[in-house]
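Given chain R, put chain G with the ligand in place with the hints provided.
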Amino acid sequence: MTPDSAGLYRTVRLIRRFEERSIEFVRSGEIVGGIHPYIGQEAIAAGVCAALAPTDQITSTHRGHGHVLAKGADPSRMLAELMGRSTGLNSGRGGSMHAADFSVGVLGANAIVGAAGSIATGAAWAARRQGRDTVVATFFGDGAMNEGMLLEAFNLASLWNAPVVFVCENNGYATTMPVAGAVAGSIPARARAFGMPAFTIDGQDPELVLAAASTAVRRARSGGGPTFLECLTYRFDAHHTFEHRVRLNYRSDDELADGRSRDPLEIQGARLASSVVAAIDAEVEAVLDKAAAFALESPHPSVEGALDYLYAMRLP
Amino acid sequence: MKLSYLKALNRALGDELAADERVFLMGEDIRVAASNLTAGLHARFGDDRVLDTPLSEQAFTNFATGAALAGLRPVIEFQIPSLLFLVFEQIANQAHKFSLMTGGQCRVPVTYVVPGSGSRTGWAGQHSDHPYSLFAHVGVKTVVPATPADAYGLLVSAIRDDDPVVVFAPAAALGVRDDLDFASLAPVPLGVGRVARAGSDVTVVALGHLVHEAVAVAEELAGQVSVEVFDPRTVYPFDWNGLGASLAKTRRLVVIDDSNRSCGFAGEVIAGAVERFRLDAPPRRITRPDGAVLPFALALDRVVQPSRQDLLSVLLEVVA
Ligand SMILES: Cc1ncc(C[n+]2csc(CCOP(=O)(O)OP(=O)(O)O)c2C)c(N)n1
Numbered sequence: 001m002t003p004d005s006a007g008l009y010r011t012v013r014l015i016r017r018f019e020e021r022s023i024e025f026v027r028s029g030e031i032v033g034g035i036h037p038y039i040g041q042e043a044i045a046a047g048v049c050a051a052l053a054p055t056d057q058i059t060s061t062h063r064g065h066g067h068v069l070a071k072g073a074d075p076s077r078m079l080a081e082l083m084g085r086s087t088g089l090n091s092g093r094g095g096s097m098h099a100a101d102f103s104v105g106v107l108g109a110n111a112i113v114g115a116a117g118s119i120a121t122g123a124a125w126a127a128r129r130q131g132r133d134t135v136v137a138t139f140f141g142d143g144a145m146n147e148g149m150l151l152e153a154f155n156l157a158s159l160w161n162a163p164v165v166f167v168c169e170n171n172g173y174a175t176t177m178p179v180a181g182a183v184a185g186s187i188p189a190r191a192r193a194f195g196m197p198a199f200t201i202d203g204q205d206p207e208l209v210l211a212a213a214s215t216a217v218r219r220a221r222s223g224g225g226p227t228f229l230e231c232l233t234y235r236f237d238a239h240h241t242f243e244h245r246v247r248l249n250y251r252s253d254d255e256l257a258d259g260r261s262r263d264p265l266e267i268q269g270a271r272l273a274s275s276v277v278a279a280i281d282a283e284v285e286a287v288l289d290k291a292a293a294f295a296l297e298s299p300h301p302s303v304e305g306a307l308d309y310l311y312a313m314r315l316p
Numbered sequence: 317m318k319l320s321y322l323k324a325l326n327r328a329l330g331d332e333l334a335a336d337e338r339v340f341l342m343g344e345d346i347r348v349a350a351s352n353l354t355a356g357l358h359a360r361f362g363d364d365r366v367l368d369t370p371l372s373e374q375a376f377t378n379f380a381t382g383a384a385l386a387g388l389r390p391v392i393e394f395q396i397p398s399l400l401f402l403v404f405e406q407i408a409n410q411a412h413k414f415s416l417m418t419g420g421q422c423r424v425p426v427t428y429v430v431p432g433s434g435s436r437t438g439w440a441g442q443h444s445d446h447p448y449s450l451f452a453h454v455g456v457k458t459v460v461p462a463t464p465a466d467a468y469g470l471l472v473s474a475i476r477d478d479d480p481v482v483v484f485a486p487a488a489a490l491g492v493r494d495d496l497d498f499a500s501l502a503p504v505p506l507g508v509g510r511v512a513r514a515g516s517d518v519t520v521v522a523l524g525h526l527v528h529e530a531v532a533v534a535e536e537l538a539g540q541v542s543v544e545v546f547d548p549r550t551v552y553p554f555d556w557n558g559l560g561a562s563l564a565k566t567r568r569l570v571v572i573d574d575s576n577r578s579c580g581f582a583g584e585v586i587a588g589a590v591e592r593f594r595l596d597a598p599p600r601r602i603t604r605p606d607g608a609v610l611p612f613a614l615a616l617d618r619v620v621q622p623s624r625q626d627l628l629s630v631l632l633e634v635v636a
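Respectively, the protein sequence lines represent chains R and G. Be aware that the first sequence starts at 1, since it is given in our numbering, and climbs by one per residue. Be aware that the second sequence starts at 317, since it is given in our numbering, and climbs by one per residue.
Isolated chain G, as found in the complex:
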């Protein structure tokens, strides 16, 4: 059975709604499933569990916090990644801080899902960000699945987690399909990475859709360079043990990251790796440029994002 990444997310929502009546969904146009994420769920679970919201992101994000304080487990779908800028206060400064500020009197189990982050061809400047580093920076649990099985398993874990969790589903990963037995779908713990492809010369750390790009480049280089692809799955908490095990073999590191360079995910992985592990070559990163805004014209959009070609040439340099 072929299961797409988007369908896997949809299945995770359906399974969790069925398993726990405290779970409910909120978002814009989710009853008719404008993004397809919630397809079929309104018919199955009804008005009480699948709520269309007015265009009031700040209020409904805090509303979810209040509902969580009252014992429910809200899941919010955001139509576009940049809406997270609009509700950064409500997530980073409210939901995330409640547990510590109250001395542990409460928990805020809200899940925020963005089905379609990063570039969606032709959507330009205000719809193409990938702001996962911001959430990792403030300590909000942040997840970027790469495969359908992980999309399912990580979303399930996010919903069952008692803290706020942001789940970024990159637009370029939504269509990924895998042959999967539904019975094999299972929760995937937050904070545990995986080796997407084994190798011994150099480790590439990649997230989301870039895991597939990195694996493709690794195949291309097979016979010439043995590339290991490490998919941390969660940006925060980051699986340093998993990365350490990989670097113990390869002692070389390249990070490919579809977000901006300064203070970004790639810089953090490199800093963390050189603090902890011994490397035989200077680590390298491939990212969007500093402070990039995704331009509209297709060629410009593409040139700003990390590419297979960039990764290939950086890999050859690192092992040289």
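The shape of chain R in the complex, shown without the other chains:
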């Protein structure tokens, strides 16, 4: 047990219950369009974000709720965003796949696979050039490893010493495409080819993720350049909530049972006294009760403003 153990457990628990409740809101129709559940992968967001300072930044993915919450976004405003309310993080203009909160360093979830890595690299490089010691962590899946733009970003980050931590969440699948059928060679070897250190770690254990991420963040902050972390994980639920309806068949029951047996919630919970676990669970439930009430009571944006914020500077 480390000093951070309870905090890590709390983050994992918050993400898990946020996701479970969100799935219920998808079923009840309060969330339109569905979500990509992060259930099973929470240790990565919790560990990486715990290694970051509040002024550090992240970019996220289509499966982004965990990252955004772990970086400190308000769960009430996050849930309101998923429901398209005007009180949402993005005033209801972003939704699940675009949640952003610049006030806590969330430069936005990005729905184009592989796109955010290059944005993170530019943000990190620019911060350093302006004399700030900001580190930017960027999350992406194993599927993104086949997007040329991300590989181009590895090159720029390494070449220009950008303070970036590349976090690959290898959950074994890009939608239904198994990683073995998609990635030639090895994932960390691709990163190493661009001259950055790359490590493969157990992405189910929040403390191992925190330790690896802390080393990477220190290296980036001290001018050492980017690090690549391949976090091995498993997606317990569907790729997207629509999958519950279409019943895609690409994972065996044995595989699912095996994957689900390494649950970050249990791994981290086992490190704490049961009374601590119970207290955190109750506290998280209260936070989410409040979030649900806040989101449900929040107004919908007025339709006159549908294209508000399109331009930072008004058109003539």
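Incorrect hints may have been included.
Said to hold, decoys possible - One side only, chain R facing chain G, incomplete, derived with CB under 10 angstroms: (1) Ala53; (2) Asp101; (3) Ala120; (4) Arg132; (5) Glu147; (6) Phe154; (7) Glu304; (8) Asp308.
For the record, the hints were derived by calculation from the structure and aren't laboratory data. Ideal Cβ placement from N, Cα and C applies to all residues, glycine included.
Showing chain G with the ligand alone in chain R's frame:
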């Protein structure tokens, strides 16, 4: 003092780099200024402000977005117009959408400059497009200056704008020279057109190098037909008020546009004009053909682009 269009762009970059240290340039071979756009700027501003990039258009276009989110004001030079097809996702789907999607939490002041769009003689199919309509269609601010003073003033405004702006500098306009006093160079607001030549019988809308062609045709017809040439300067936002003022006089419209016909700029100007204003004759457009790819052989390249002769005969038909 004679100032060329290309030199005016170069001067705008130099002035903005000097005025605002958040401005920096990125692009391929820009330190030695392969296209001349950035001539002298590396020597003046150094490595931090004038960055040669690897051939990684998609990554460096998003990199600029990230740098903009972090408070800088990047300007990217693209060596060839078709590279914009390669980074359309990064501009149309990333940079342009950030402000709305985040509920106004951020701004993305990136400028994309293409010095040499449209036909460059002998460069053929993959180097000769003029894809400004694509950006206007998605709502990205899009500029096509015609004169050296406008090249300077519009590029300065683009760099100072807090949104992404694409600046197309047609290859055929880069060599245009005007007698200009440097002291007279000033920012030109986006979205405000100008009357390049006054007339009363028919309005020709033209962009970039075609403004000069249209003025030449108007001179040729002087005494016979009084042609007004309206240069909107920006494709998007478009200056409908300016066009309206011109059409109130002429009530006849011809658009000349060096891009493809279907879903193009010319069709948009005509549709917008007939929705808003009264015309006395059916409007006409002169464009590249539908879905054209510029062929290599010189005569074929030329025949695909709108010409003075086409414009002259269409003008005579419209006023007949
Ligand atoms: C460039 C791009 N291609 C395809 C898609 C459609 N798509 C959305 S998520 C996804 C799978 C992504 O897999 P991975 O990167 O492994 O992340 P995971 O979903 O496993 O978290 C795909 C193909 C997309 N959004 N962007």
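Hints and how they fare:
no., hint, in the structure
1, Ala53, "16 angstroms, violated"
2, Asp101, "7 angstroms, holds"
3, Ala120, "6 angstroms, holds"
4, Arg132, "8 angstroms, holds"
5, Glu147, "9 angstroms, holds"
6, Phe154, "9 angstroms, holds"
7, Glu304, "15 angstroms, violated"
8, Asp308, "7 angstroms, holds"
In this structure, the earlier hints numbered 1 and 7 are contradicted, and the remaining ones agree with it.
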